[in-house]
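Enquirer: Read off the chains here:
2 protein chains.
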Amino acid sequence: MTSEGRIGEAMDEIAGVARAARRASGALAGLDAAARGRLLIALADALVDPIVRARLRAANEEDLARAAAEGAPAARAARLALTTGKLDTLVDGLRQLAALPEQVGAVTLRRELDEGLLLERVVCPLGVLGVVFEARPDAVPQIAGLAIKSGNAILLKGGSEALASNRALVGVIHGVLAAAGLPTEAVVHLERREDFSAMLALDGLIDLVIARGSGAFVEQVIAATKIPVMGHAAGLCHVYLHASAAPAMAARIVVDAKCSYPAACNAVEVLLWEPGAEAALDACVSALQERGVELRGCAATLARHPGLVAASEADWATEFGGLCLAIRQVEGIEGALAQIERYGSRHTEAIVAADPAAARRFLAAVDAAGVFHNASTRFADGYRYGLGAEVGISTGKLHARGPVGVEGLLTYRWLLRGEGQISSEYGPGGRAFLHRDRALDA
Amino acid sequence: MTSEGRIGEAMDEIAGVARAARRASGALAGLDAAARGRLLIALADALVDPIVRARLRAANEEDLARAAAEGAPAARAARLALTTGKLDTLVDGLRQLAALPEQVGAVTLRRELDEGLLLERVVCPLGVLGVVFEARPDAVPQIAGLAIKSGNAILLKGGSEALASNRALVGVIHGVLAAAGLPTEAVVHLERREDFSAMLALDGLIDLVIARGSGAFVEQVIAATKIPVMGHAAGLCHVYLHASAAPAMAARIVVDAKCSYPAACNAVEVLLWEPGAEAALDACVSALQERGVELRGCAATLARHPGLVAASEADWATEFGGLCLAIRQVEGIEGALAQIERYGSRHTEAIVAADPAAARRFLAAVDAAGVFHNASTRFADGYRYGLGAEVGISTGKLHARGPVGVEGLLTYRWLLRGEGQISSEYGPGGRAFLHRDRALDA
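Protein chains in written order, with the working numbering: chain A, 424 to 865; chain B, 424 to 865.
Chain A with its partners taken away, still in its complex shape (with noise of 0.2 Å):
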């Protein structure tokens, strides 16, 4: 068969699933409050289990073995596995779940109209849910919890180099929706590529795409589709430091921002001094090239630290990801602002002040989903944000920004209740409305 005949294929078979996956949604949806808790320890419960454990640990154990002997590097090695310690962390991040408050259901406008006419805005799910992920199992627990939590039905498609192992943890899943009496056709597990690129066409049966991968990987799942995606396609977040930063906490948060883990989104990517910073530039530069980060400056900053490597215009729009580093002087806070303006990613941005003035323009000014003062950008994260799950970082600006929990998988219906009332009764010469809120908990 060609390419295209299976995807035309792929599509039919995958539109079938997601409608059934939406019919499911509902049971998901209806559930109380007693009883989504009671799913997401079983959950958890399951995920303890000793026979369990040795089934996942025997399908990961088959991953594992396929990518050593396709010589795969030990870092792909270490996200594949399956680590008792991952499980554990994982168990307890479902045990949180549950604990988190019920949002489903949650009336968050209560109006008369008028009198017998009551308008109530309440929260629910979004309905079908489309994810995907890169090589890393531990991934499908973790997002069926955020599914179950917020009522959705979802599709995941996770890496091939670890389907075994996500196709175990599925199994885990539907055992215990089959347990509680619900459609294990809520939790759909998509186990080839023209499956996903059948997904992505089903605007209308998806409602949203969550991808978590590489911004790259991100950018070709957004103009693969006309669903909106959830991702983050870039983290080029800076440090700015005001002439009044103290040195000594300069290079403690430049530091962490770059050295803690290089690789994240919310990493430091450029370093921008104005004059009078120049104590706090040198901290930062000896304690960064200690930790053997390789640092790229513009001809201000070499004029003072002659070793670095001249920065390219490039360098100033790269998500380096690694022990690398650009540095700017800028004039200025408003040379800051603009740097930010231009080459930010609108992800976190943070300044190092001793001056509550400067803070509070930064503050004030900067266009980001996370703005800080004397931090390191690495707080930015549901977990740190004290958000319980995170779905993923958003640097959109529509729905949910910066870091998402549960929230972001959920919208609202407004829910009208009347005894016969229509709309030509009211306006000029007619009823007035009254437009009487009324309390939430009533």
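Derived by calculation from the structure, the hints in this document are not laboratory data. Remember, predicted model here, so these are calculated numbers, not experimental data. The beta-carbon is built from N, C-alpha and C at its ideal position, and this holds for glycine as well. Hints may be right or wrong, so weigh each one.
[As the list claims (entries may be wrong)] Negatives, chain A to chain B, calculated, CB over 10 Å:
id, residue
1, L510
2, S667
3, P698
4, E736
5, L786
6, A798
7, F802
8, G841
[As the list claims (entries may be wrong)] SDA-like mimics (lysine to any residue), calculated; alpha carbons at most 25 Å apart, straight line:
id, chain 1, residue 1, chain 2, residue 2
9, A, K509, A, G636
10, B, K509, A, Q643
11, B, K649, A, I845
[What the hints assert, rightly or not] Rough simulated footprint, nothing fancy, chain B against chain A, three-plus residues with beta-carbon under 8 Å:
id, stretch
12, 490-500
13, 710-716
Given chain A's structure and the hints, the job is docking chain B onto it.
Expert: Relative to the frame of chain A, chain B by itself:
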């Protein structure tokens, strides 16, 4: 010059204008509640001023004369005319907007991550809005008012039929901004079609496009841009008659939903009835026929009302936008839900029923922005919901759903204020996060 050359030139020009608008948006975003209120009142006052009114009338007469010379239909002239009544309504709307609570700068979450490490989620404008609307010049001050209230800059493109009126109205707004010491670059009037095409290519500079026009037009805009678009491409609403529906109430609701403004997106297009609801159906048919509505029925409907036109499959998916209604028998509530799931546009769906269990099931199960019980679909409207001004109605599920008020033009930023904290101090073996929520009004 070729058309491509013109668009290329417009691109550079509009990109420059959009950048200037972005810079100017900071001034609108930074207004405090009192200054924002004064600005809206100043705009309202300007629109009451007799000299301004005379100027607007002259400009509007120019547009009306051109429409008359072109032999435009009366409906177009009616949309174009800036009557005293319309201007008074606009003035009222601006005063109401001024009185609405200030949302920009509101803190919606305040959490101590640790001692001296305070996280806040703060409401802020989206930035720059691109707005395109049909031939109604009254949209200009209305949208400018919403932009001022939400602190956003705007690029406006109206229909060319209203060019002189739109230009005069933008002139009034610029005068009010200048008198308040604010940059007039925050409100941009795009006059040429190629300016609008150029704007749609400016993803990264324009944060949201608001499209007001026909469904086909909104779909064109969505297809032509990577910028998120707010607008509804379709409004295919159903009214479902349950067997327990009171006939008189059913007829009142259906007549209002069809006839009070048939071109509206919240008008009913398809009436569903189940066996047992014959009396309600009969009442609806008589009342609609009295109002001159063309009725098209399925076979079961024709069996009861042989005088009706036979409906075709296409009728179940047609937004008539006029005095025409399709009627179909369904197999009980599950049949109604299936019909709505398949053909509805997720706008507004209503059930007429005396039976509370049927109403509960319908309200729980329908996936639409509005789900109504014993009330006309025509209530789906920002003014009727008491949202103050209405940006539009969204049939998407993300960000804003249903009638959208000022909230739909806002987003938020996460501000973190520390004392030099770094992420690697926290976690296993290190400090634990406090995650202590603090009062929002502190």
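Enquirer: Check each numbered hint against the structure and report the violated ones by number, ascending.
Expert: 5, 6, 7, 8, 10, 11, 12 and 13
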